[in-house]
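**Student:** Let's have the full structure, built from the sequences with the hints guiding it.
Number of protein chains: 4
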Amino acid sequence: MGKGRLEAFSDGVIAIIITIMVLELKVPHGSDLASLVPLLPVFLSYVLSFVYVGIYWNNHHHMLQAAHKVSGSVLWANLHLLFWLSLFPFATAWMGENHFTALPTAMYGVVLLMAAIAYWLLQQRIIAVEGHDSLLARATGSDFKGRLSPLFYIAGIALAFVQPWLSCALYVLVALVWLVPDRRIESRIERK
Amino acid sequence: MGKGRLEAFSDGVIAIIITIMVLELKVPHGSDLASLVPLLPVFLSYVLSFVYVGIYWNNHHHMLQAAHKVSGSVLWANLHLLFWLSLFPFATAWMGENHFTALPTAMYGVVLLMAAIAYWLLQQRIIAVEGHDSLLARATGSDFKGRLSPLFYIAGIALAFVQPWLSCALYVLVALVWLVPDRRIESRIERK
Amino acid sequence: MGKGRLEAFSDGVIAIIITIMVLELKVPHGSDLASLVPLLPVFLSYVLSFVYVGIYWNNHHHMLQAAHKVSGSVLWANLHLLFWLSLFPFATAWMGENHFTALPTAMYGVVLLMAAIAYWLLQQRIIAVEGHDSLLARATGSDFKGRLSPLFYIAGIALAFVQPWLSCALYVLVALVWLVPDRRIESRIERK
Amino acid sequence: MGKGRLEAFSDGVIAIIITIMVLELKVPHGSDLASLVPLLPVFLSYVLSFVYVGIYWNNHHHMLQAAHKVSGSVLWANLHLLFWLSLFPFATAWMGENHFTALPTAMYGVVLLMAAIAYWLLQQRIIAVEGHDSLLARATGSDFKGRLSPLFYIAGIALAFVQPWLSCALYVLVALVWLVPDRRIESRIERK
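Chains as they are written, first to last, in the working numbering: chain A, -4 to 187; chain B, -4 to 187; chain C, -4 to 187; chain D, -4 to 187.
Don't read these hints as lab results, they were simulated from the structure.
All clues stand as given, with none of them false.
Capping the alpha-carbon separation at 20 Å, the derived lysine to any residue pairs in SDA-like fashion look like this:
(1) C:K21 <-> D:S26
(2) C:K140 <-> C:L174
(3) B:K64 <-> C:N53
(4) B:K21 <-> C:K21
(5) D:K(-2) <-> D:E125
(6) D:K(-2) <-> A:G(-1)
(7) A:K21 <-> D:L34
(8) A:K140 <-> A:W173
(9) D:K21 <-> A:L20
(10) A:K140 <-> A:A150
(11) D:K21 <-> C:P36
(12) C:K21 <-> D:H24
(13) B:K21 <-> B:V42
Stretch-level coverage of chain B by chain A, calculated; a stretch enters the list once three of its residues show a Cβ under 8 Å from a Cβ in chain A:
(14) 3 to 10
(15) 13 to 23
(16) 40 to 54
Chain C stretches covered by chain B per the calculated footprint, using a threshold of three residues with CB under 8 Å from any CB of chain B:
(17) 3 to 11
(18) 14 to 22
(19) 40 to 54
Only a predicted model underlies this, so the values are computations on that prediction, with no experimental measurement involved.
Even for Gly, the Cβ is constructed at its ideal location relative to N, Cα and C.
**Tutor:** Written out as structure tokens, the structure reads:
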């Protein structure tokens, strides 16, 4: 089974997710600077989520480049990842419109955490198809960032009930770490 | 006539359908747990519909892999399927926002039933082009799941006026049965 | 210049147009049959527009299959067509929500007319690139349906101010005529 | 790393942006001509933005045709461009609904300016990968339009606080200049 349609479908869903998030930036009725101020937290959470969805698209792109064929379970592991990504617009808007209060900020972390787990599951399914000796298996062997991120998300979820801004700082930090694309796979492809 | 654009267009429409359903998860104004509670039935119906649309994409993917060319009538049978799939967001939101009352739950079953019939019609049109001796014709010869599902949907529609939760149980059951991808086609491709 | 991305982009835009029209089917607050009744005209106009957008996608598909390369002016003629198609959701919802009153029904005809003109312009631009001796030029030489449709749309626009239901009958009639895919191009490709 | 998925993802995002802008054309409740009048500025700003997004898609198409491979930094420069394009629907609706008052008109110019800068950055990243001797580097060597446009946007932003209609005139002027597709790259490809 080819991976072309899996990539195309994922691209479509991720493109829609990243774009409809902007619909939560409701056009204000006034036309002065004061009417823009309440939008600032919504805008900031939009930027953060845009970067996160961008990171997922980027890494998804890299991961599937290392894959050669997909099985039925890969298709479903991929849909599972897309499900959690599809909750980004909701989680982003809820956090932004409530100005980063405790529960919405924790919930945002839960969505980040579940997406990370779904991504890891997808990776495991692909490795199961490709073989444990495959490019992807070796490239992610010492998956430092992948293993650390969930810990940061869990810390962020817990901290949200103490000081939500600390959670946001953690979410931003993880995003910055991931902004560097997954060079492990890229470099292994080149070396080969 | 190639099937590439048919796949790409279907992927696009299905990707949008699966994603805009999440827009019905309206962001609540409060930021406490109580403000999330009324969203729970909407969320559950979203999960169910996400799985159903995922199943359709999955099976559509498999069916078109077994096809080699498409005719004008295949294009229209495909658009007919996409039409019923496009009613999923409406049916999902109506059922969820009314907390699974009788008529919306029955209507959800009607959309499921019409989509199943449209899928079967599309399959027949493709077999008509491919020939009754083709891979797809043989793979779907004893289409057990495909023949049983409509009966369950009809039962679900009827039961909605007695006990809607039984309808939902039936819809969930059919979804679980279909979660297993269509191995018939896959295995025949491999055997060939 | 290849035509691949032109097709992909058009598929994307048309897929979104055909899908977001369904968002105008606002989920009713009640859950009885009476709350569905006011949606009926919106639903009927949705079905009509779904068929029209489907026809455009179908014919666009056929036309580009007969094309081999695209120029800058083809790209813009294509965007011009997509612009008028993008007004379908608005025109559809306005006509449906006002229960087919005069002005919205006439406006729907205007959008149909402009889309038909834009399609014809795109066809001329492609023929200009392909040559007047090309497959497409010969296939559309006696473009009976293409020449007649605008006359029906104009009649529909005028009749809307007398009896809007007659306009709708005309719009439905033209849609039915076009439902038959453009066999001219298909048959010529086969004959070749 | 191939450029196929980068093109497909960009096409998806741009297709969605260009289409969801039309959702800001809220369907009026009345059905007479008077109820359409308040939509006119929203419609005009929609037309302008449709043309701008069309220009970006067109030039993006041309630029990537001259590219052969993409690096991680190209992926992020591309996402950065898509981010600013994603703000078009918001900026368009805010300007249109406020009938081209000062701040929204200036803000529209800011989004145009940032998108232009993001496009230039993406071009630089691609040239860095392709080499300064590449087709793209030579084709954009005397990038007259690309260098002039930001100056016009800045002038438009400043003028918005004096006379917003002058800003709009500038924005329209730049759009008209860009409507001519980027023949530099096209002609160089042909000459080669």
